[in-house]
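One letter stands for each residue in the lines below.
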Amino acid sequence: MDGEQFNEWKDQMTQQAMNAESLTDLQAARHQWLGRRGTITGAMKGLSSLPIEKRKVVGRQLNELREYALDLFKRCEENMELQAETSRLQAETFDMTLPGLWPQTGLLHPVTRTRRLVEDVFLRMGFSLEYGPEIEDEWYNFEALNIPANHPARDMQDSFFIDLPERVLRTHTSPVQIRAMQRYNRALPVRILAPGRVFRRDDDATHVPMFFQVEGLVIDHGISLADLKGTLQTMAHELLGDDIKTRFRPSYFPFTEPSMEMDVTCAACRGEGCRVCKGTGWVEILGSGMVHPQVLRNGGYDPHRVSGFAFGLGIERLAMRIFGIDDLRLLYQNDMEFLSQFQSYTGRPGL
Amino acid sequence: MIASYRWLQRFVPELPDANTLEEKLTQLGWEVVSREEWGTCYEPVELVEIVKRVKHPNADHLSVMTIRRQNGQLTSVVTGAQNGVAGDHVWYAPPGTQLVDGRVMETVNMRGIESPGMLLSSQELGFEAGLQDIWIWDGAQNLGTRFLDVVGGSDTIFELELTPNLAVYGQNMHALAQELAASLSLPWDFRETEFFYDHAPMAKVSDAHDCPIYGITEFWIQPNAVTPLWIQVLLRSIGQRPINPAVDLTNFVLWDMGQPLHAFDADKVNGMIEVRRAWDGEKLTTLDGVERTLSSQDLVIADQTQALALAGVMGGTFAAVSSATVHILLEAAHFDSQHIFQTMRRHQIFSDAALHFGKGTDPHAVLSAPAHYQNLLEKMGLLVEKGGSQLIGTMPVRRHISFNPQGIKQLLGVNWAEDKILEGLERLGFEKEEEDIVIPSNRHDVEGTHDLAEDVARVYGLEKIEPHMFMVSATPGRPSPHVAYHELIRNSMTAAGYWEVITRSFSSVPRLRRAGIELPPDVVRVINPLRDEETLLRPSLLPGMLETVEANRARRDISLSLFELAPVYQRSDQDHTEHQELIVIRTLDERMCYPRPDSPHLLEVKGVMEWMNQKCGMGLSWQQVSSGPEFMHPGRLLVLYGASGSVVGYLGELRPGIAQRYRAKRVGVWFMRIGDDRVVTATPNIRHPLRYPEVVRDLSLIIPQGVSYQDIFERAKQLRSQILQTLTPVDHYHGDFGQSWTFRLVFQSEEKTLTDQEVDQVIQQFLQLVENIGVTIRQ
Ligand SMILES: [Zn+2]
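So the sequences go chain by chain: C and H.
For the first sequence, counting from 1, position 343 maps to 343 in my numbering; every step adds exactly one.
Position in the second sequence (from 1) plus 351 gives the number in my numbering.
Chain H on its own, in the form it takes in the complex (with noise of 0.2 Å):
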């Protein structure tokens, strides 16, 4: 909303300078979002006398006008205009000056003659003076008076930004002056005048839930009258445009109370008006020159023949006033705040009728806003003649709540006396009734007692209350279990010398198409994405992990650590719709690097989820596999299983072709689901060191096709070996004999220096164990 310092100051004379206004605003919680000077433009524009009219010697419809400043000073301007003659005052704007319209004043060559500046139209200064195309100026000021004194001088224009809450009821000069003479304790001038409906049968209401209070009153108007200055600048300072004063007038009434009103052209109306829904399929070309297809669900005010306007939204174009317009029907309402803010979103008109409507209006401003209408047009001497009138409906009781200032102390943590509470809000338009507080009939936004301790705290400022840090018993705070495990697998993999990404959660076909995956049927989809790319929430963290890894790569040959610990969704007949997924990725691709190369293998990929394992305990277990997902390459794939047996992921080397499409040659892969189920347990199991010396023994195998690593591994532990501790792949080599794997074993006892003996003797069992699936010693 837009606000204006001297409208305001209407209402509260004695209101403080325009940075106190702000900083009160601000308390009340009215957000000021800008403050600008309205009026400057004007301020060039000076009250000049015609001395002389002749034709321009080059152009039939031109003339050139020369006119007398006020310091004598004699100025010829070239005007295309038809009026103006000697003697006339009208108003000059010299080089320099800017208009409303955004024009800057220079001197122009018209037609051979140097035209400075221009004499101009009451348009051109942003007001209606009626038909004329220079604005002949009848008032006695002196030449030289600037167009800004005859305007009242400049004003100040706070854009305001209101919350749900103040729109109820604020989006109006009187409403805010009232809650800024409230906050400063200054005194305020606002009286009304309630309008005397007598009882012509003029309209009638088919639903009072829609409408549940109509007014309606006939006026006799002087036509092509002009709205008074001081009217239209306040219009115009709060960025209204004048169009003719029944309009202006509606327009000034519901700037200033906050009540919409309606004037229908009368002579346009056939019969009787009728407030009713509209048949399906009824048109109706709305005042923005819009032809509107209405249904049941939207109300018009209707005469014997069509709909005239939709309710409380927007008149139609057949019954418009105009400045011809001498019998005039108003409207005075009270809608269903509701009804009015779904029509405006249905047909997307967001008209001032209709923000003021769809928040809620004061039902009492029936009575209010046609007396002050009336009164306007009667100090305008515009009223020929009040016709009859009609009120369908009756006011609302005013509602009571009981006065509690004890809670109202409580909720807020003040000791303020019961008198400082009450006068806030009295300042504020609540009144005490016995133990009771009445609501002023506009406070729509006011149920209990939280709200008026809110506008308490308002009026005194929420500053006023002093900051107490609330006292309970001294427990300690507790993160979730799960959310722990969690932040330990983050941690983990962060020590493990990878990167967290956090990408967003939503996903497509495309993108996981293009990640090798199909889409499964249990995936959930957005109903109203806000781009293609995002129409489903993803069911696996790859696709997004992938583009991570194109985007880094698309302007450098990065390598790249990373994972992501986020949830992945999917349809469910239980609550259970989201999973936690760990993703781990790392591209393999060697990178030259001085001294040596940089160059990831698959197997670093597996040792972190081995150490992740044993760091995190997270029970798994894991096989080679020959196949399995399909983005994965099948000659490099483990499935990984939980501590229950069942299959929770899986580690390897993505497909090479699907890796290329995100610019990466080879990429490792690890994901699994993080069970949200089972929060791992384990005791800490920790040793003394070992004393004895170990000893170290290398063995080269020669180990036939089709034997893995873990076929030898096994054997090993077959041996159930008290003093063989480890056995790890040293070193590897193709030869005529086929492939040999040299492995280190080495021994050490808790209790004792080893012999070679020992060790010699467990070596043998090995190679026996070992013999049966074909591997051999080499010599």
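The following block holds chain C by itself, in its conformation from the complex (with noise of 0.2 Å):
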């Protein structure tokens, strides 16, 4: 009994465990080695044959030998197991090609989202949201805001009346602006944003008889047409890019003067021109101006001492830009597979 000998058996017995087929080869051959009768067990006893010197040299030769046997085996017969389980396994394969099955998820209508995109522009601007009643009385929705009774914009054509004297759906957010003004009581400064729904009487593939608007107010002393700009031009970033351009042309508003509109950037054709922008490169996407000094003074403020200025923007027009939608309808048909394409992520952690 030597080193040499104990070096031929490790040899061996790591042969056979390397080489056992199954677990029974693998017992067989632990037996063989560690069993009662085994050949280390037998080496063992035989050590207190040996002189002493030579027996604690082989007796710590042969204990490092049955640790490493020990260990071997057990290595075996573990991977051993864990092979039998994977065969095992592999024949209870279940078809991981099948779809997967969805949560059930909610989801809050585009045109809310894109509300309260615009809704969180401003409010980090500083904006207080307001609100105003849809049953509208006339002198808000009209007189107020500089549109007598005789204004096209009063017409049976554009605008629905109710079975309520002198309150009409209103047709426009900007009643609110009044509203707000009353309510301020000739604070300052007064920074509203007011979202809601309007009534117009107008359906096709760019107008729908209920829509949703927000209308924003400031009034402060010295508030300028170039404060106007600003505002709607850190708007058009924040909502719709850092690239895009705007423009602004003189218009009319009863209820503003100057009157101004703001068009940004055809996204068709990202002013080239093209035929949704007819060719100019831009889209309208709202109007605005300065509080007309009428106005002002319906809400309780002087006009030779404040100033303001206010703005409109169609929730449903933003939206569309947004989405890319080109059908307003679709919006309110509500069909689950229409809305559903609005579970994708649209490129906006925000929205």
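Think of the hints as simulated: they come from the structure by calculation, not from any bench.
As the structure is a computational prediction, the values presented were derived from the model and not from experiment.
You may find that some hints are simply not true.
Rough simulated footprint, nothing fancy, chain C against chain H, three-plus residues with beta-carbon under 8 Å [as the list claims (entries may be wrong)]:
hint	segment
1	510 to 516
2	815 to 824
List of simulated lysine to any residue pairs, SDA-like, C-alpha gap at most 25 Å [claimed, not checked]:
hint	chain 1	residue 1	chain 2	residue 2
3	H	Lys966	C	Leu107
4	H	Lys1068	H	Thr1034
5	H	Lys375	C	Thr280
The C-beta atom is built at its ideal place from N, Cα and C for all residues, glycine as well.
With the hints in hand, could you dock these two chains into one complex?
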């Protein structure tokens, strides 16, 4: 019994363990070496017959060999069990190419999401949200906004009238300007954003009889058209991206003077000119202006002391622009197949 | 409005190219809807000479003309024209030419003879040249001259959309040219002369408010004359049809300077002209051939017999001028614009005159327009003699406002010099007089500094104003607490897996009936609905929601979980006509789906309500009832109470018969008012997790008929046990013993690990309590 012999045994048992084809084979081999009558066990027993000096050396070597064998067979056994389990599991194959079961998730309407996007931009600019009734007093909807009784905007063609005297379904969110001014009661600054439903007698690919607007109003000392331009430009960049260009054109609204409309780069052609933008490269996005002195007075403010600007923006038009929709009516058909597309990432974490 | 580049150039000779013009128009607030080249269709039309005319061998009314073209080439063309003999110069449209009416010339076989193209009449070219078939050209131009050259070449035509403030003064070339010249800093040429009225007693005006200024002039003119081609060309280019000189000139003056004139055939007028209100029931056949019944709301121009014209809107046929007219009465008036606007809408006559008078005209034009007209008549050699004239009313004084350049600068947010501001205004026709600005007589739109600021901004361009961010104290923006609460509900419903829909606020009686809803007495009706399905404002979100279900299930069997939070409307004595309603709907049909069918249960709708009640602090309580809204299944219905104890809504299953009308078999519904008055306040109550193990016991109980889960749950609550945490149903059996429920009771203590004895004690107490309602334990 010596180290050389032990090395030989080591090789033998390793060979046996590696070549074992079954757990039975492995156990037989283990038994052969480590069993009660096994080779290593026998050699252990034979130690006592050796002289003391040699016994120490051989004993140590033999112990190492035993440790090695125990570990070897344990590892091989584990390995073999794992393989056995693997083959058993492989027989239990499940078709993972089947479609996954999606979680039942909810979805906000794209108009709600777009409205919140706009609200968020202006809340960050310090605007507070204001609301007014949808069934509005004619005075707030028209007269207070400088739209006299014989103005074409008051024609039956444009407004829905109801069987409540002197009431109308509001045709714009602008009456909230007056209500807010009254509520602020001459306090400054007024800085509000009024989202809400509005109603007009129109129904085609770019008009629906009920839609959503947001109205903005700022009143303070020394508010100017330059401030309005700055605010709207900031809004356009926040909503449509920093690379968007803006253009301002004079326009007309009874309740603002001067009035202007803002155009932004056409999304379809990126400003090159196409059918969507009638070749101009621009699409109109909102109407705005300096609050008309009479409107300031109607809200209780003195136009000689303060000035203000106002703007109104259609949420649907913005949604169409942001999501790339070409027919406004699609937004109100509530077709799940159409809406389900809005589950996908829009490219904007905030939307 | 249609504007012609050529026409504008008459006022501004140095007008830049059309692209620059379009940019300037946009900058000035004139929206360019479209831009096209006019006259290109005349390109191929050339002047030829007739060399021979023979009768068509196979047709009595046709002739064959041999024509010589510029290169001497001879061509034969068949014509039906009575005129045209050898030596005449005529206009020839070779094949391929498109005529004004859209016809395209080709080579046609006319009774056996090939005829390439056509010899043209003046009408086929869009002009009036007197009574002749083909247009015999008496000009000295060479053969081969293009017709386009004799009309002065092509022109660029702008279609403009005018905002109401521009329409007040801008519907004419003069005003447009003035704005362009002002913003381009170009010289412009507009000489106007004032007509000198004498005092012939020719007319009277019964109400100066309706017609503040009325001018009338008598002219004798040459009959059967032709309007000069250059005027016809300008009228044509803006889409006006030339008729006869007397009429064409009124049209020309209208578009040139914005003053509608009207010419009456003086020989058909009986006595003095009267500007008066119509009698109720008075008849007038207007120039469009329609006989109209007038009322005292209408202003008419009448003679001593009858109404001759609807004032400022449209003339009548009786005294209309024709090419044979030799004696005219020319009216130049200033009417009350509101009155004309209303008449125009009432009678639905959107004539050019009404569209001008109705927006407002320049009172001063009552002097300048007839002078312009007379001048043109003279130039054309058509004026035989000028007769009497009369002006009734006085010119209004020109309005002044104080000049406040500081105010203009502040409003625009610019630091421009006062001179620059004044110069811009002066270019637009404003004048400074001492400390005032005098407003031009056509600018009814200008009231104060705001309006001047707009004009200054327009002349220099809005892009010249540097954007700036306004500065106010940095207070945070605030959402409304009410609406923030609505948003919480929307977010929570979405988190619960429901999809938000937005439906229109309108409904109708049949739509409500279909959903099983009787018309409430306090419904708000729409007086002028767009369609029959939208005659009232919805008193409930249910019909719209069910229609959404129907529309979605029309094409596929889709299971739906939807909600809407939106207003419903009712008339009330107070101002409160809108209420927020929440509706939640879920189709309950089983849908095949691997690996397990998707079988939503009514309790899932209830579960959403229970969860929302906690999540949104709705403060709801509920009770099963056997009757409620007619459209609900009476066997599966909960009434919901708000925190104050009043009924706020219902939850249950829709009557299956109604569900089926909307292509659904079974539908779970939860609907309730969301009170606007009460924003839920709550303080968070968060405790530490329990550290001791729970003890779970399942109890199978035999439940007699009529005992509900609620009955058992209430008993468990009566125990007031500190350790019984939950009691939930986990299984249900039917057997010969009746019905049995297995409940899982979960015990847990805040203080210690529970012993069996402690748990058993609670269970015994519980069993004793439920025994009173006939519940026994199943062995
Ligand atoms: Zn484009």
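So, going through the hints one by one against the coordinates:
no.: 1; hint: 510 to 516; in the structure: holds (count 3)
no.: 2; hint: 815 to 824; in the structure: holds (count 8)
no.: 3; hint: Lys966(H) to Leu107(C); in the structure: holds, 18 Å
no.: 4; hint: Lys1068(H) to Thr1034(H); in the structure: holds, 24 Å
no.: 5; hint: Lys375(H) to Thr280(C); in the structure: holds, 14 Å
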